[in-house]
Amino acid sequence: MAASGSTETAPPRPSLEELRDRARAQVRTERTRNSAIAVVALVIVAFTYRKTEFDPAQLILHADNMGRVFAGFLHPDWGEFRAVADKALETMYIAILGTFLGTVIAVPLSFFGARNLMRRNLAGTIAYFAVRFLMSIVRSVPTLFWGILWVIVVGIGPFAGVLAVTTFSVGLISKLFSEAIEAIDWGQVDALTATGANPVQVVVHGVVPQVMPYMIANVLYSFEVNVHSSTILGAIGAGGLGLLFIEYMGLFEYPRMAMLLIVVIAVTSAIDYSSAAIRRRII
Amino acid sequence: MPRGQFLCVIGPSGSGKSTLLRCMNRLLEPDSGRVFLAGEDLTSLHGAALRRGRRRMAMVFQQFNLVKRSTVLRNVLTGRLGHQEGWRTYLPSFSSEDQDRAWQSLKRLEIEEKANVRADSLSGGQMQRVAMARALAQQPEILLADEPVASLDPETAVVVLEYLRDINRTDGITVVCSIHHLELAKRYADRIVAMRAGQIVYDGLPAALDDAAYRRIYGRLGFD
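Protein chains in written order, with this note's numbering: chain A, 122 to 404; chain B, 12 to 235.
Where hints are given, some of them may not hold.
[To be verified] With a Cα cut of at most 25 Å, we get these calculated SDA-like pairs of lysine to any residue:
no., chain 1, residue 1, chain 2, residue 2
1, B, K79, A, V325
2, B, K79, A, L297
3, B, K79, B, Q95
4, B, K79, A, R401
5, B, K79, A, I403
6, B, K79, A, I305
7, B, K79, A, R236
8, A, K172, A, L182
9, B, K118, B, P103
Please keep in mind that the hints were generated in silico from the structure rather than gathered at the bench.
Chain A on its own, in the form it takes in the complex:
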């Protein structure tokens, strides 16, 4: 901007001293505010300490219990490895099928749940809020509760587990997909709109290419989450490893629990690691 020839009269510029005072005052205000936040946080933590009957002394008092468990873990019992491996595979099958079905249902929903695509007219806005509301309800019920509900409906077995994982995945994946769609570069959408393309064409040629890698990454991430949650689904009779774990625990078979946990750790960390490696490569 040229200073000469300007028609508006500029307001008087503040002195350097004034500006420095203002900067100091700003630092003081920020410091006060941050201290207040820290105090509130500490009060909350202290409150939960009382409300959860938190008592470190018990750890020492029950050291013998801990000793028994750890002793079992030092000598894992591989005797029932076959049964555990079978159930571990079943857990994987539940997670794979549940993630697939969840993705199939979530893909169309996610476009309706994307603010930037939908909130351009009244009908779109209504659909957007309906989908968002439904998704948040589905997501707020934990997978384990979904499992209990589906066991009541279809009875004990892995099928209930697949339904539970599917239900939860729809909520999770449609949220992740919607957010991927909301983060697209709108210029590419404008460019296709300007060619006279209809909304379906704009989504197929302009939105899908942009979000594809994020969608694949999100499916893999959901698969990781689903392997974790289907591990415990067996505890309520919805198939997979969980039931064996509960059995061993009831019989105080710590060496067998240890073996089972080793299998769980091996399987889930192998999946987490490979899934993370793939996600890094495609984004």
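Take the given structure of chain A and dock chain B to it, following the hints.
Showing chain B alone in chain A's frame:
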């Protein structure tokens, strides 16, 4: 505005150049006023009729706005989307006529060798040539160019404007081009419209744009 003209829109930042262009193809809705294309009121159109209207006006952008993860060829093919009809609009594939037209446009912009690479691997000048090929594949009557050279270095800017002039002269496509650079506007325009704060403050031949007019547009003379 007569058919076949090369019109440059100039004016300071925020004066309404982009808004004007985007109102023409209704990427933005004008608050007031009407846009006519060959006697047809574009401002009253909706749905399919609006899309047919848009098809007659191609657009190129300052940020090129290519689908970055798609190939150059697919980007140029998207220029054909407005010409697709019926069930084909729901498929990701293109007819062989559309394919032929896309390759012709690529050849015309001399970027056909890049057809199979991803759009985000190109330089800025190449991206704008792909964007112009996409616009040409659309077979428009008007080409709206929204600051097409503002993200490019001076030499590449001239190359892009030469292509725009060629499209204007050879194909008889009317060009409306917003541009910051006054010298370039004077060199390429048949007619210059200047805007300031949303108002037209100059409308005439490039040669007649003198110091007095310049002061009206920018409120001062030069940068020093």
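Report task. State the violated hints by number, sorted upward, taking the hints as numbered earlier in the document. Result -> none
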